[in-house]
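Protein chains: 2
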Amino acid sequence: MRTSCRFAMAVHVLALLAYKEGDRVTSALLAGSINTNPVIVRRLLLALQRAKLVDTCKGAGAGSRLNCAPRRINMAQVYRAVEAAETFANPSRKPNPDCPVGQCMREMLEEMFHSAQRAMERDLEKTTLADVIEIVKARCACAGKNI
Amino acid sequence: MRTSCRFAMAVHVLALLAYKEGDRVTSALLAGSINTNPVIVRRLLLALQRAKLVDTCKGAGAGSRLNCAPRRINMAQVYRAVEAAETFANPSRKPNPDCPVGQCMREMLEEMFHSAQRAMERDLEKTTLADVIEIVKARCACAGKNI
DNA sequence: CGAATATGTAATCGTCATTGTTACATTAAA
DNA sequence: TTTAATGTAACAATGACGATTACATATTCG
Chain D
1 MRTSCRFAMA VHVLALLAYK EGDRVTSALL AGSINTNPVI VRRLLLALQR
51 AKLVDTCKGA GAGSRLNCAP RRINMAQVYR AVEAAETFAN PSRKPNPDCP
101 VGQCMREMLE EMFHSAQRAM ERDLEKTTLA DVIEIVKARC ACAGKNI
Chain W
1 MRTSCRFAMA VHVLALLAYK EGDRVTSALL AGSINTNPVI VRRLLLALQR
51 AKLVDTCKGA GAGSRLNCAP RRINMAQVYR AVEAAETFAN PSRKPNPDCP
101 VGQCMREMLE EMFHSAQRAM ERDLEKTTLA DVIEIVKARC ACAGKNI
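Residue numbers (this note's numbering), protein chains in the order written: chain D, 1 to 147; chain W, 1 to 147.
Warning: the hint list may mix true and false statements.
Note that the list lumps identical chains together, so a pair holds whenever it fits in one copy or between two copies.
Pairs of lysine to aspartate or glutamate residues, derived as EDC-like cross-links and limited to a Cα-Cα distance of at most 16 Å, are as follows [unchecked claim]:
id, residue 1, residue 2
1, Lys137, Glu86
2, Lys126, Glu111
3, Lys137, Glu107
4, Lys20, Asp55
5, Lys126, Asp55
6, Lys20, Glu134
7, Lys52, Glu111
8, Lys58, Glu86
9, Lys58, Asp98
10, Lys94, Glu83
11, Lys137, Glu83
12, Lys126, Glu86
13, Lys58, Asp23
14, Lys126, Asp23
These are computed hints drawn from the structure, not numbers from a lab. Model, not experiment: these values are computed from the prediction.
Required output: the full structure, derived from the provided sequences and hints.
Shown next, in the form of structure tokens:
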């Protein structure tokens, strides 16, 4: 299974916003930190806005900030905000209609996929953005530094 | 997150082999059923061979068959046999070295990814190939038909 | 032995998703 | 009104994957 890195980038963005609690941060600054292009960050922020996780303003002196306390944002919310709805995939071509196994296979697989993905999301739910910040602070000697 | 459909195809292949219990089946026949190219199936079979789930012979009259009882093959084994080791991805570019958050973020994310993926695989473990066959047989009116 | 059959594997093409980039209209603050 | 920022379109570059062709290799069977 291949994956995008949108989820990793989104967590990074949210962690930065949590650091700057309250202050609005520009996409340019966020992009500088995760070493990508501001447009990539803005596209991520659009998804996070839709999920009501961040609050973004346009105009001079504007930018984004968290929309909830870090304790109330969990990783499953972030995952669902920025990743495709379906993690697994069935083949694009339909199975041979003459084969009895192929016909039922797809829907059975769909159910199995959903179950596995729910299990994954339940695990992600256990970690909040506050946990992430705490771990990062504990591990980096640079806890108090500015970004 | 985007995904390949190797897992879905592999389950389909194994279900077909379970149907033909004992008999060797050619990649051409399997490919005909899932409506793809024999080479795609052979590449899948190579992965399933490495995982000791199937037994393949070359030469005239040869082909593949299951290497264990369907009851002893679970979906997590199949997943691990045919999918990439890492489901989640970190960005290809390294974070900005001047940003304290970015430095610890990667390893923290790696751990979170592993945990989520383990949760997903634990869920897949609950379903065996025998379960798959049973469900398919129950749902398709065509239980006894040849393939 | 030789013909037939099937796998293993390399090479290549087309498609698609994703990231990166530039450009610009729009919006809001100073 | 100037300045600074987002929203968004357009497009290139990259990379992964499925599909396909071709062929060497191995194995069975007559």
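Checked hints:
no. : hint            : result
1   : Lys137 / Glu86  : neither (33 Å within a copy, 26 Å between copies)
2   : Lys126 / Glu111 : between (23 Å within a copy, 13 Å between copies)
3   : Lys137 / Glu107 : between (45 Å within a copy, 13 Å between copies)
4   : Lys20 / Asp55   : within (13 Å within a copy, 58 Å between copies)
5   : Lys126 / Asp55  : neither (24 Å within a copy, 41 Å between copies)
6   : Lys20 / Glu134  : within (14 Å within a copy, 55 Å between copies)
7   : Lys52 / Glu111  : neither (29 Å within a copy, 26 Å between copies)
8   : Lys58 / Glu86   : neither (32 Å within a copy, 38 Å between copies)
9   : Lys58 / Asp98   : neither (57 Å within a copy, 27 Å between copies)
10  : Lys94 / Glu83   : neither (25 Å within a copy, 21 Å between copies)
11  : Lys137 / Glu83  : neither (26 Å within a copy, 34 Å between copies)
12  : Lys126 / Glu86  : neither (21 Å within a copy, 20 Å between copies)
13  : Lys58 / Asp23   : within (14 Å within a copy, 66 Å between copies)
14  : Lys126 / Asp23  : neither (27 Å within a copy, 47 Å between copies)
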